[in-house]
Amino acid sequence: MSEEQFELSPMPVEDRLAAEALIVDVDGFEGPLDLLLVLSRTQKVDLRKISVLQLAEQYLKFVDKVKKLRIELAADYLVMAAWLAFLKSRLLLPPDPSDEGPSGEELAAHLAFQLERLQAMRESAARIMARDQLGRDFFARGIPEDVTRVRRVTYTATLLDLMQAYARTRTKDEFRPYTMDRDRILTLEQALDRMRGLIGFAGDWTDLSSYLPEGWEVDPAMRRSATAATFAASLELAKSGAIELRQGEVFSPIEIRKKTHG
Amino acid sequence: MDEPIEESLFEAPPEGEQERMVEAILFATAEPISVAELNARMPHGAEAAVALETLRKRYEGRGVAVVKVGDGWAMRTAPDLGFLMQKETFETRKLSRAAIETLAIVAYHQPVTRAEIEEIRGVGVSRGTVDQLLELEWIRFGRRRMTPGRPVTFIVTPGFLDHFGLETARDLPGLKELRASGLLENRPPPGGDVEDDDGPTDDEQTDMFDEGDSDET
Amino acid sequence: MDEPIEESLFEAPPEGEQERMVEAILFATAEPISVAELNARMPHGAEAAVALETLRKRYEGRGVAVVKVGDGWAMRTAPDLGFLMQKETFETRKLSRAAIETLAIVAYHQPVTRAEIEEIRGVGVSRGTVDQLLELEWIRFGRRRMTPGRPVTFIVTPGFLDHFGLETARDLPGLKELRASGLLENRPPPGGDVEDDDGPTDDEQTDMFDEGDSDET
Numbered sequence: 001m002s003e004e005q006f007e008l009s010p011m012p013v014e015d016r017l018a019a020e021a022l023i024v025d026v027d028g029f030e031g032p033l034d035l036l037l038v039l040s041r042t043q044k045v046d047l048r049k050i051s052v053l054q055l056a057e058q059y060l061k062f063v064d065k066v067k068k069l070r071i072e073l074a075a076d077y078l079v080m081a082a083w084l085a086f087l088k089s090r091l092l093l094p095p096d097p098s099d100e101g102p103s104g105e106e107l108a109a110h111l112a113f114q115l116e117r118l119q120a121m122r123e124s125a126a127r128i129m130a131r132d133q134l135g136r137d138f139f140a141r142g143i144p145e146d147v148t149r150v151r152r153v154t155y156t157a158t159l160l161d162l163m164q165a166y167a168r169t170r171t172k173d174e175f176r177p178y179t180m181d182r183d184r185i186l187t188l189e190q191a192l193d194r195m196r197g198l199i200g201f202a203g204d205w206t207d208l209s210s211y212l213p214e215g216w217e218v219d220p221a222m223r224r225s226a227t228a229a230t231f232a233a234s235l236e237l238a239k240s241g242a243i244e245l246r247q248g249e250v251f252s253p254i255e256i257r258k259k260t261h262g
Numbered sequence: 001m002d003e004p005i006e007e008s009l010f011e012a013p014p015e016g017e018q019e020r021m022v023e024a025i026l027f028a029t030a031e032p033i034s035v036a037e038l039n040a041r042m043p044h045g046a047e048a049a050v051a052l053e054t055l056r057k058r059y060e061g062r063g064v065a066v067v068k069v070g071d072g073w074a075m076r077t078a079p080d081l082g083f084l085m086q087k088e089t090f091e092t093r094k095l096s097r098a099a100i101e102t103l104a105i106v107a108y109h110q111p112v113t114r115a116e117i118e119e120i121r122g123v124g125v126s127r128g129t130v131d132q133l134l135e136l137e138w139i140r141f142g143r144r145r146m147t148p149g150r151p152v153t154f155i156v157t158p159g160f161l162d163h164f165g166l167e168t169a170r171d172l173p174g175l176k177e178l179r180a181s182g183l184l185e186n187r188p189p190p191g192g193d194v195e196d197d198d199g200p201t202d203d204e205q206t207d208m209f210d211e212g213d214s215d216e217t
Numbered sequence: 001m002d003e004p005i006e007e008s009l010f011e012a013p014p015e016g017e018q019e020r021m022v023e024a025i026l027f028a029t030a031e032p033i034s035v036a037e038l039n040a041r042m043p044h045g046a047e048a049a050v051a052l053e054t055l056r057k058r059y060e061g062r063g064v065a066v067v068k069v070g071d072g073w074a075m076r077t078a079p080d081l082g083f084l085m086q087k088e089t090f091e092t093r094k095l096s097r098a099a100i101e102t103l104a105i106v107a108y109h110q111p112v113t114r115a116e117i118e119e120i121r122g123v124g125v126s127r128g129t130v131d132q133l134l135e136l137e138w139i140r141f142g143r144r145r146m147t148p149g150r151p152v153t154f155i156v157t158p159g160f161l162d163h164f165g166l167e168t169a170r171d172l173p174g175l176k177e178l179r180a181s182g183l184l185e186n187r188p189p190p191g192g193d194v195e196d197d198d199g200p201t202d203d204e205q206t207d208m209f210d211e212g213d214s215d216e217t
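Residue numbers (the working numbering), protein chains in the order written: chain A, 1 to 262; chain B, 1 to 217; chain C, 1 to 217.
If you are wondering where the hints come from, they were derived from the structure by calculation, not from laboratory data. A portion of the hints provided could be inaccurate.
[As the list claims (entries may be wrong)] Quick partial rundown of chain C residues pointing at chain A, CB under 10 Å, derived from the structure:
{"id": "1", "residue": "Gly61"}
{"id": "2", "residue": "Val64"}
{"id": "3", "residue": "Ala78"}
{"id": "4", "residue": "Asp80"}
[Claimed, not checked] Derived pair list, reagent style EDC-like, types lysine to aspartate or glutamate, alpha-carbon separation capped at 16 Å:
{"id": "5", "chain 1": "C", "residue 1": "Lys94", "chain 2": "C", "residue 2": "Glu135"}
{"id": "6", "chain 1": "B", "residue 1": "Lys87", "chain 2": "A", "residue 2": "Glu116"}
{"id": "7", "chain 1": "B", "residue 1": "Lys94", "chain 2": "A", "residue 2": "Asp207"}
{"id": "8", "chain 1": "C", "residue 1": "Lys68", "chain 2": "A", "residue 2": "Asp132"}
{"id": "9", "chain 1": "B", "residue 1": "Lys87", "chain 2": "C", "residue 2": "Glu37"}
{"id": "10", "chain 1": "B", "residue 1": "Lys94", "chain 2": "A", "residue 2": "Asp161"}
{"id": "11", "chain 1": "C", "residue 1": "Lys68", "chain 2": "C", "residue 2": "Glu135"}
{"id": "12", "chain 1": "B", "residue 1": "Lys57", "chain 2": "B", "residue 2": "Glu15"}
{"id": "13", "chain 1": "A", "residue 1": "Lys49", "chain 2": "A", "residue 2": "Glu116"}
{"id": "14", "chain 1": "A", "residue 1": "Lys88", "chain 2": "A", "residue 2": "Glu57"}
{"id": "15", "chain 1": "C", "residue 1": "Lys176", "chain 2": "A", "residue 2": "Glu123"}
{"id": "16", "chain 1": "C", "residue 1": "Lys57", "chain 2": "C", "residue 2": "Glu15"}
{"id": "17", "chain 1": "A", "residue 1": "Lys88", "chain 2": "A", "residue 2": "Glu106"}
{"id": "18", "chain 1": "B", "residue 1": "Lys68", "chain 2": "B", "residue 2": "Glu37"}
Where is the CB? At the ideal position from N, CA and C, for every residue including glycine.
Given the sequences, and given the hints that come with them, work out the whole structure.
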C-alpha cells in the first residue's frame, strides 16, 4: 500500500515497522507537529537541512494511510494536512507575482523553524531532568530549626487622643444623644468654634483628621461633611495667623499646628 | 549509583571520604542517627565512629556542632547563636479605646483606684488594659488608699509625661478648658448626677495632682 | 537577648563570628535565604556577603556545600553522596511528558504566555499540566503581557532553581547555544498573523529574562 513511499525514501525494515507502529499509535502523538517531527527523523538529516516538501508528502501519505484504515483522525491533523497540501502546491508551482501572501519558501522555513524549536525544547527538557535534583541527588537540611518570630509592638497615642478620651468618658451620658440629635451636616461655624478651642493644645503637627468631632468619623456622609468643615475652618484659622498648615505631598494627610508667635 | 557500594565490598573508602559521608548524612537526616545506622548506610568497611569523632572535632567552635542526642548523633546550631533563630518585627499600634480612656482617667484623677476608674468610665476595666499601661510604663502603682480594703491607686509616670510632652500632669488642660475647647460639651448633666459625686471638682483634682507629683519624687 | 544586638550598634562582631552566624543560620534553614535576610537576622553592622564567601570556601570539597540559588544561599549535601541518602529520597510524582516540556519552555522562554507554549508545542496545554507545575512551585505567574487581552505570563521560581541545582535561570543547560541559534526568538509565522500581537519582541523577552532574576530579590 505504501510502495510510493518506498520509492521516495527507501526504508529499512525497522523504519517500516516504526511507520506502521505510528498508525497504531496515532493517539499517542502530541498533535500534528509532534507527528511531523517523528516523520522528519526518517529523513536522516539535520533538521536544518530538512526537505519540507518531502516532509509534507510523508505527512499526506500518512494521513491517507490512516484514512484507508478507517482510523478517525482528530480535526487538527486534518487541518495540518490541508495546510501542507497547500504548502506543497506553493512549493511546486512557480511563484505567482500577483499573489500577495508569503512565498512557499517562507512558509516552509517557518515550519522547519517550528520543528527545530520543538526538538530543541525536548532536548532541553531532557537535559534539565537529567540534572542532579534536590531530594534525589542532593539534600536539604533534614532538621530545619524553626525561626521564632518575635513581634515587638510599640503603642502610640497623642495628647489629643488622651484629651478626647477623657472628654469622652466625662461626657458619656449627654454626649452621644447630643451628636445623634444633630443634623448630619457640620457647619463651618461649628467647626471653627471647635477648632478655636482645640488649637491651644496643638503645639505639634497633628493630622487634621484627628480634629473631627467625636461621633463624626465613621458614617461616610458625616465624615465628609465634618472633614470639609474642619478643613475650611483650618484655612480660616491659617488666614488669621492662628495656625500653620502643611501637607507632605498630594493626598497625604494635612497637618496643622498652633502658630508660635515670636 | 551502585558503584561505590560494590567497590566497597573490597575496600573501605578513605577516611576523608567517610567523614564527608557522615557529614552529609547527619545534615540531611530528619532524626538523630545512631552509629550502627550510620555504618549500615555507609559503604562496607567504613567506620562511622571514627569518622564521627573527626567530624565532631572539626566542628568545634563553629556555628554548628555535632552533638549526641540520646543514642544518636545530630548536628545542631551552636547554643550561643540561638538568638539568630529569631526574627524581630516591629509594629506601631494605636492604643485601644479602653486603654487610652483608662490612661486619661489616671492622668486626670491620680491617684485613682481601679474602682474609681470603672465608675468614671461606666464600664469595667480589664486586667489586660491595666497591665498594658503598666508594661508601657505609662502608669504605676501609687500609695494605697487609706479606706476599707486599702485599695492600690494608680498614678502616671515620668515616662508618660515624656511621651506626651508634658512637664507635669498639671499641664493637662483642666475640665474648664476642655469645656471651653468644645471637647467637653458644656451641658449640665440632667439633675442629681452621679458624675459630680465620683469625679473630683477642679479644685480637688489639682490637689490630687500635687499629691501625685510628690509621690513621684 | 537584646544585648548582642544593642552592642552591635557600636561595633560589628568579628569576621570569624560572622562566619559562624551565617553557618548557623544556613544550617538551620532548609529554604534558600537571601543576603538581605541574613543581614537582617545578624547583628547590626555584620556583612553576610563577606562571611558567605569565606564559608563557601570552607565547605569546598566537604560532604555539604554552600550553594547559591537565585538570590538566596543554602546548604546542600554534595551531589556525589546522594547514594547514601536513599532513605531520605521521596518519590516525586512522575511528571508527564507534557509537563516536562512545558516546564522547559517556561524556563527557556520566560516570561511566556500559554498561547506561546501552545504555539511551541503545537498542541493545547491542559489546565492540569499547568496546575501541576504551579503546585510544585516550579513555575508561577509573571507580569501580564501588555498586549491585547493582557495575557498572564509564566516564569520559573527560585524553587525550580533550587530543585535543579541552578544558580540562576541563565545557567540553564544550553541556553547560550539556543539563543545563538535563534531558537528562543519569538518568530511570527510569515504573512502577519494574529500571533504577532501577543508575542513579545526579542528585546523585551531578553530583558525580562534577565529581570526575572533580579525580580527574585
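These are the hints, each one checked on the structure:
Taken as an interface hint, Gly61 (chain C) does not check out: its beta carbon lies about 15 Å from the nearest beta carbon of chain A, beyond 10 Å. Proximity of Val64 (chain C) to chain A holds as hinted, the smallest CB-CB distance being about 9 Å (cut-off 10 Å). For Ala78 (chain C), the interface hint holds, since its Cβ comes within 10 Å of a Cβ in chain A; the closest pair sits about 7 Å apart. Using the Cβ-Cβ criterion of 10 Å, the hint placing Asp80 (chain C) at the interface with chain A is satisfied: the shortest such distance is roughly 9 Å.
Restraint check for Lys94 (chain C) and Glu135 (chain C): satisfied, since their Cα atoms lie roughly 14 Å apart, inside the 16 Å limit. Only pairs whose Cα atoms come within 16 Å are accepted, and Lys87 (chain B) paired with Glu116 (chain A) is rejected, the gap being roughly 51 Å. For the suggested pair Lys94 (chain B) and Asp207 (chain A), the alpha carbons sit about 14 Å apart, so the restraint of at most 16 Å is met. Using a Cα cut-off of 16 Å, the hinted pair Lys68 (chain C) and Asp132 (chain A) holds, with the two alpha carbons roughly 15 Å apart.
For the proposed pair Lys87 (chain B) and Glu37 (chain C), the alpha carbon gap of about 10 Å is at most 16 Å, so the pair holds. With a CA separation close to 10 Å, the supplied pair Lys94 (chain B) and Asp161 (chain A) stays within the 16 Å bound. Under the criterion of a C-alpha separation no larger than 16 Å, the hint pairing Lys68 (chain C) with Glu135 (chain C) is inconsistent with the structure, at around 23 Å. For a cut-off of 16 Å, the pair hint linking Lys57 (chain B) to Glu15 (chain B) stands: about 14 Å separates their Cα positions.
For the proposed pair Lys49 (chain A) and Glu116 (chain A), the alpha carbon gap of about 10 Å is at most 16 Å, so the pair holds. Taking the CA atoms of Lys88 (chain A) and Glu57 (chain A), the gap is near 8 Å; set against the 16 Å cutoff, the hint holds. For the suggested pair Lys176 (chain C) and Glu123 (chain A), the alpha carbons sit about 14 Å apart, so the restraint of at most 16 Å is met. With a C-alpha separation of about 15 Å, the suggested pair Lys57 (chain C) and Glu15 (chain C) falls inside the 16 Å cut-off, and the hint holds.
A distance of roughly 12 Å separates the Cα atoms of Lys88 (chain A) and Glu106 (chain A); the hinted pair therefore holds under the 16 Å criterion. Simply put, Lys68 (chain B) and Glu37 (chain B) have alpha-carbon atoms about 14 Å apart, close enough for the 16 Å limit, and the pair holds.
Hint check: violations occur at hints 1, 6, 11; the rest are consistent with the structure.
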